[in-house]
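Chemist: Protein chains in written order, with this note's numbering: chain A, 1 to 135; chain B, 1 to 135; chain C, 1 to 135; chain D, 1 to 135.
If you're looking for bench data, these hints aren't it; they were derived computationally from the structure.
Don't take every hint at face value.
Given that identical chains are not distinguished, each listed pair holds provided it fits within a single copy or across any two copies.
[To be verified] Derived DMTMM-like pairs (lysine to aspartate or glutamate); straight-line CA-CA distance at most 20 Å: (1) Lys8 / Asp71; (2) Lys129 / Asp90; (3) Lys8 / Glu98; (4) Lys62 / Asp27; (5) Lys129 / Asp96.
Here the structure is a predicted model, which means the values were calculated and not measured.
Number of protein chains: 4
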Amino acid sequence: VTFYTELKVRFSETDAQGVAHHASYLDWLEIARIDYLARFGGGYPALREQGVDATTLEAYVKYLLPARFDDPLRISARCGEVRGARFRFDYVIERDGERIAEGWTTHACVDSKTLRPTRVPDWLVTAIKDAESAG
Amino acid sequence: VTFYTELKVRFSETDAQGVAHHASYLDWLEIARIDYLARFGGGYPALREQGVDATTLEAYVKYLLPARFDDPLRISARCGEVRGARFRFDYVIERDGERIAEGWTTHACVDSKTLRPTRVPDWLVTAIKDAESAG
Amino acid sequence: VTFYTELKVRFSETDAQGVAHHASYLDWLEIARIDYLARFGGGYPALREQGVDATTLEAYVKYLLPARFDDPLRISARCGEVRGARFRFDYVIERDGERIAEGWTTHACVDSKTLRPTRVPDWLVTAIKDAESAG
Amino acid sequence: VTFYTELKVRFSETDAQGVAHHASYLDWLEIARIDYLARFGGGYPALREQGVDATTLEAYVKYLLPARFDDPLRISARCGEVRGARFRFDYVIERDGERIAEGWTTHACVDSKTLRPTRVPDWLVTAIKDAESAG
Numbered sequence: 001v002t003f004y005t006e007l008k009v010r011f012s013e014t015d016a017q018g019v020a021h022h023a024s025y026l027d028w029l030e031i032a033r034i035d036y037l038a039r040f041g042g043g044y045p046a047l048r049e050q051g052v053d054a055t056t057l058e059a060y061v062k063y064l065l066p067a068r069f070d071d072p073l074r075i076s077a078r079c080g081e082v083r084g085a086r087f088r089f090d091y092v093i094e095r096d097g098e099r100i101a102e103g104w105t106t107h108a109c110v111d112s113k114t115l116r117p118t119r120v121p122d123w124l125v126t127a128i129k130d131a132e133s134a135g
Numbered sequence: 001v002t003f004y005t006e007l008k009v010r011f012s013e014t015d016a017q018g019v020a021h022h023a024s025y026l027d028w029l030e031i032a033r034i035d036y037l038a039r040f041g042g043g044y045p046a047l048r049e050q051g052v053d054a055t056t057l058e059a060y061v062k063y064l065l066p067a068r069f070d071d072p073l074r075i076s077a078r079c080g081e082v083r084g085a086r087f088r089f090d091y092v093i094e095r096d097g098e099r100i101a102e103g104w105t106t107h108a109c110v111d112s113k114t115l116r117p118t119r120v121p122d123w124l125v126t127a128i129k130d131a132e133s134a135g
Numbered sequence: 001v002t003f004y005t006e007l008k009v010r011f012s013e014t015d016a017q018g019v020a021h022h023a024s025y026l027d028w029l030e031i032a033r034i035d036y037l038a039r040f041g042g043g044y045p046a047l048r049e050q051g052v053d054a055t056t057l058e059a060y061v062k063y064l065l066p067a068r069f070d071d072p073l074r075i076s077a078r079c080g081e082v083r084g085a086r087f088r089f090d091y092v093i094e095r096d097g098e099r100i101a102e103g104w105t106t107h108a109c110v111d112s113k114t115l116r117p118t119r120v121p122d123w124l125v126t127a128i129k130d131a132e133s134a135g
Numbered sequence: 001v002t003f004y005t006e007l008k009v010r011f012s013e014t015d016a017q018g019v020a021h022h023a024s025y026l027d028w029l030e031i032a033r034i035d036y037l038a039r040f041g042g043g044y045p046a047l048r049e050q051g052v053d054a055t056t057l058e059a060y061v062k063y064l065l066p067a068r069f070d071d072p073l074r075i076s077a078r079c080g081e082v083r084g085a086r087f088r089f090d091y092v093i094e095r096d097g098e099r100i101a102e103g104w105t106t107h108a109c110v111d112s113k114t115l116r117p118t119r120v121p122d123w124l125v126t127a128i129k130d131a132e133s134a135g
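Based on the provided sequences and hints, a complete structural model is requested.
Modeler: Shown next, in the form of structure tokens:
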């Protein structure tokens, strides 16, 4: 069972080509990632309150078909690797069952104040592994 | 002499109507405001380092003609009122000498930590008054 | 009964003050406006397919309290005036029942191709009047 | 001689981590790409007027160091491959000579109306090859 989140393309996310601007996809992946984490112990807001933040190290998107204003999108997210301070998400964006984009991002947990790398909290590592192995 | 700043409409700022999205104008007014303040004692970044931040209380834009991708825009800014913690900016956006939008924003200086209102620093009030009276 | 739409503040909508950037509010008002119209005959997408588009003439926002990442917001929208080509929306943004912003926008219907003003379609005027008088 | 374009991080591009949001980088790469093309026969606006548009197929960014509000950035761009309808750009983003990010994007030329792939115009292929071999 893959986790997914749903949203509609906003008008403000379109561009003069009449389709969703390619940078909007990174916002959508972030929304899926935050929704994914929200199931575990308060999610990203809780992490931030505990002094742990996450930075993005890399982002990759492959655009297969254009998305248009008001299109209903389903963004599937999997967290495939958690090692030390680092973790990786893989995504698929679909519209009515048709894959329109895919991508992945890598991240590092950092101390909110020093911005130095810090291990992904154990409880989160365990929660993610349990969630993914149940998939 | 009115202060102005110049920019070009980015492709990411356009929408599916083929023109600049109306929310982009608030970003442009902010750029003009920050450029305006940059002439005085380090500007907005310096203010923030001194523990003073500015929040936006109101924003108004009147859209007269559409702006398109790559259009060169000139944004004039005046700071017309500075009273206590509050100040107001008035703007005109022109393209090749033709007015395409106008607007105004009101702001309050706040303490960066408490977010409570704090007077606009005296040196900034004086600098703005001198600049505007020289106009 | 006032119409409303709900959303959560996205991380990408925050700024370095730690709150939602003031330009994001215009995107939210647009989302509320589009959701409002979606109840009537296919809404804004249908209007566009019929060759009628809507442009924004003015936008005003009053910021009362900051909105933060992940805050659940309720945006109420009323369409108070429809005259000829023009119409106006009034909005209230609340978080947990507390008003954090309010605003209004004015718009004109235009022909999609010529971008010249065209009357708001009769069926839409009637639908809006019925909806608002039922309120 | 590598082509580059310069910009400053806008306040609206920052997020609640106090740094530039990772999606903003795609806007910056697009600005560099459009500036790069602007040197040749009218650039991207001219291409669009000739009925040729360009879509983004892939985008990749590697984030090395955070960018902050008002940071002056230099974005170098190279167009390394032009084959049939496709072309690729490679980028480096620097602040004061320090590399803070790098990335690449791939694109396809399409017919503006049909959105079907169309060869990169010969004059543009030649202009790019001349520019890059002079580097």
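Chemist: Since the copies are identical, ignore which copy is meant and state whether Lys8 and Asp71 lie within 20 Å (CA to CA) inside a copy, between copies, both or neither.
Modeler: The answer is both: 5 Å in one copy and 19 Å across copies each meet 20 Å.
Chemist: How would you label the pair Lys129, Asp90 (within, between, both, or neither) given a Cα cut-off of 20 Å?
Modeler: within (15 Å within a copy, 36 Å between copies)
Chemist: If the cutoff is 20 Å on CA atoms, where do Lys8 and Glu98 land: within, between, both or neither? Let me know, please.
Modeler: within (15 Å within a copy, 26 Å between copies)
Chemist: Is it within, between, both, or neither for Lys129 and Asp96, if the alpha carbons may be no more than 20 Å apart?
Modeler: neither (29 Å within a copy, 34 Å between copies)
Chemist: Is the C-alpha distance from Lys62 to Asp27 at most 20 Å within one copy, between copies, in both cases, or in neither?
Modeler: both (14 Å within a copy, 16 Å between copies)
When the structure is compared with the earlier hints, a violation turns up for hint 5 alone.
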